[in-house]
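Protein sequences appear in the order of chains A and B. Counting along the first sequence from 1, when you hit position 173 you're at 313 in this note's numbering, and nothing is skipped either side. Counting along the second sequence from 1, when you hit position 74 you're at 376 in this note's numbering, and nothing is skipped either side.
Calculated directly from the structure, the hints in this document are not laboratory data. Model, not experiment: these values are computed from the prediction. Mixed in with the good hints, there may be bad ones.
What the hints assert, rightly or not - Below, a list of computed lysine to any residue pairs in the SDA-like style, where the Cα atoms sit at most 20 Å apart:
1) B/K316 x A/I551
2) A/K550 x B/L306
3) A/K550 x B/I329
4) B/K391 x A/G467
5) A/K550 x B/H327
6) B/K316 x A/D331
7) A/K221 x A/Q184
8) B/K391 x A/A411
9) B/K316 x A/P522
10) A/K550 x B/I310
11) B/K316 x A/K221
12) A/K550 x B/R308
13) B/K316 x A/V468
14) B/K391 x A/K310
15) A/K550 x B/V324
16) B/K316 x A/E547
17) B/K316 x A/Q184
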Amino acid sequence: METRTNTLDVKKIRQDFPILQREVHPGVPLVYLDSTATSQKPAQVIDAMDRYYRYTNANIHRGIHVLAEESTADYEAARQKVAQFIGAESPRQVIFTRNTTESINLVAYSWGRRHLNKGDVIILTEMEHHSNLVPWQMLAQERELRLEFIPVTEDGLLDLTAYPALLDFKPRMVAFTQMSNVLGTINPAKDMIALAHQAGAITLVDAAQSAPHLPVDVQDLDADFFAFSAHKMCGPTGIGVLYGKKELLESMPPFLGGGDMIKRVQLRSFAPNELPHKFEAGTPSIAEAIGLGAAVDYLTEIGMDKVESHEKEIIAYALERLEEIPGVKVFGPEAAKKGGVASFTLSSIHPHDVSQILDRHGIAIRAGHHCAMPLHEKFGLPATARASFYLYSTREEVDKLADSLYEVRKIFGM
Amino acid sequence: MDDLYREIIIDRYKNPIYRGSVNPHDIAFEDDNPLCGDHIRIEVRVNENGIVEQAAFDGHGCAISQAAADLLMETIIGKTIEEVKQITKDDILDMLGLELGPVRLKCALLSLKVLKAGVYGLGEATDDLVE
Chain A
141 METRTNTLDV KKIRQDFPIL QREVHPGVPL VYLDSTATSQ KPAQVIDAMD RYYRYTNANI
201 HRGIHVLAEE STADYEAARQ KVAQFIGAES PRQVIFTRNT TESINLVAYS WGRRHLNKGD
261 VIILTEMEHH SNLVPWQMLA QERELRLEFI PVTEDGLLDL TAYPALLDFK PRMVAFTQMS
321 NVLGTINPAK DMIALAHQAG AITLVDAAQS APHLPVDVQD LDADFFAFSA HKMCGPTGIG
381 VLYGKKELLE SMPPFLGGGD MIKRVQLRSF APNELPHKFE AGTPSIAEAI GLGAAVDYLT
441 EIGMDKVESH EKEIIAYALE RLEEIPGVKV FGPEAAKKGG VASFTLSSIH PHDVSQILDR
501 HGIAIRAGHH CAMPLHEKFG LPATARASFY LYSTREEVDK LADSLYEVRK IFGM
Chain B
303 MDDLYREIII DRYKNPIYRG SVNPHDIAFE DDNPLCGDHI RIEVRVNENG IVEQAAFDGH
363 GCAISQAAAD LLMETIIGKT IEEVKQITKD DILDMLGLEL GPVRLKCALL SLKVLKAGVY
423 GLGEATDDLV E
């Protein structure tokens, strides 16, 4: 019997991802270290979508023919799988959107416009991705709301000593990321939510980075809203999820109007459909939802606890290798407090130059502000280079990254 | 070994000739490339015959953006403003001796964009100035 129950068979996993077999330059295999931007897709996901288009394609709901019934069943089965994956009470609380950004915008527009008024306070953090910042800024401008921010410490953690004083402002909403896409920091979401609830606030968790990389349970967290994207968790682009507590979703007006979101329409009025359809106007991304369902199956079969522990191991090794390179500075907390993300600078070399040279070695990292400009400003940096890891990442890839960074130093005469 | 990091680019990046300011100047403009956070400011002095007498840039960013700015300053000194207006994307790429993908092209063209916005006296530097 195999006893390594807690480790992934990465070699076998890599076989599932066709793109990991390709070369990016003649004789240079791909080293994909950009999964925080988007993950690669296993054949299981690609095949599920391919099968849908080749075999079952039909518009969902209301069609009375075999294809329509099958496609509707597959689409709704995907919703069921997602509900189970995040521990939702009911699939009715799983709304399909385009991505995390759209999910957050949905809450800001629909819940925010219904419930927030002049002077109301929203608490965010300094480490938010623009997607959990700009929708609230837009709403704040329109409704004259006040935005307050939980600061980030030098170590890249939330300064939670500042949180109780902010909660004294009696915020209506506390919205924060469960895992930073730049620092990798995993925030204590459950405690933060409990404190927010004590202060009478509603909470939104940006789970774009956490849902793909850690086991998540919305009921255990007691999250009011929970948003994430399929494409960062082995699924396709164009589909994301908004989970919400039932009474909240029911209290909210529709976001977009159109087909499927209505129960009855007259020329001058309409009655909205029930959850979740109330928030899914128009023909949705059917193949993509099915692809997300397949991604959930794939990750569930492997086990999110194993994905998490594999990434812990890889990030610990990556930090060790990166920090030994002269001139490299890694941002964010120690490995134990973060997921598989390493944002770094190499002396004064611009991250775009670093990334460009790594690309010659087949290494795909990201360089820029990673949609978190305020956070970069806080650290006094225009940009960082970011290597990020997933279930298919290996120690050998970390070694290639480190070796190539030495090469960058050489080219720049260091 | 690496085409993009030819000696001239690394050299101009590390030892720019035209980094600084021009005082007094007739034209000044600055802008960012929000994609990478590159920033370029350009100052130019023009004599009574409409010829660029002195030019300098300042800012920060990747090697390509900064080297391109340095080479561009060198190119425009002695040219008339009318000639400066005629400088194109291809001139910059010839100067650098590079072919660039769409992302890095923005780095290479930032200084030309800033220069043209200044020369035309525009309120903002837009991409169509360098297309």
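Outcome of the hint check:
1. A distance of roughly 12 Å separates the Cα atoms of B/K316 and A/I551; the hinted pair therefore holds under the 20 Å criterion.
2. For the suggested pair A/K550 and B/L306, the alpha carbons sit about 15 Å apart, so the restraint of at most 20 Å is met.
3. With a CA separation close to 38 Å, the supplied pair A/K550 and B/I329 exceeds the 20 Å bound.
4. At most 20 Å may separate the alpha-carbon atoms for a hinted pair to count; B/K391 and A/G467 exceed this at roughly 35 Å.
5. Distance check on the hinted pair: A/K550 and B/H327 sit about 39 Å apart at the alpha-carbon level, beyond 20 Å; violated.
6. Using a Cα cut-off of 20 Å, the hinted pair B/K316 and A/D331 is violated, with the two alpha carbons roughly 49 Å apart.
7. With a CA separation close to 15 Å, the supplied pair A/K221 and A/Q184 stays within the 20 Å bound.
8. Straight-line distance between C-alpha atoms of B/K391 and A/A411 comes to about 55 Å, which puts the hinted pair past the 20 Å bound.
9. A distance of roughly 19 Å separates the Cα atoms of B/K316 and A/P522; the hinted pair therefore holds under the 20 Å criterion.
10. A hinted pair counts as satisfied when its Cα atoms are at most 20 Å apart, and A/K550 with B/I310 qualifies at roughly 16 Å.
11. A C-alpha spacing of about 55 Å is found between B/K316 and A/K221, which places the hinted pair above 20 Å, so the restraint is violated.
12. Straight-line distance between C-alpha atoms of A/K550 and B/R308 comes to about 13 Å, which keeps the hinted pair within the 20 Å bound.
13. At roughly 19 Å between alpha-carbon atoms, B/K316 and A/V468 fall within 20 Å of each other, so this suggested pair holds.
14. Taking the CA atoms of B/K391 and A/K310, the gap is near 54 Å; set against the 20 Å cutoff, the hint is violated.
15. Between A/K550 and B/V324, the direct Cα distance comes to roughly 34 Å. Violation of the 20 Å bound is thereby established for this hinted pair.
16. A hinted pair counts as satisfied when its Cα atoms are at most 20 Å apart, and B/K316 with A/E547 qualifies at roughly 17 Å.
17. Simply put, B/K316 and A/Q184 have alpha-carbon atoms about 49 Å apart, too far for the 20 Å limit, and the pair is violated.
Of the numbered hints given earlier, the model fails hints 3, 4, 5, 6, 8, 11, 14, 15 and 17; all others are met.
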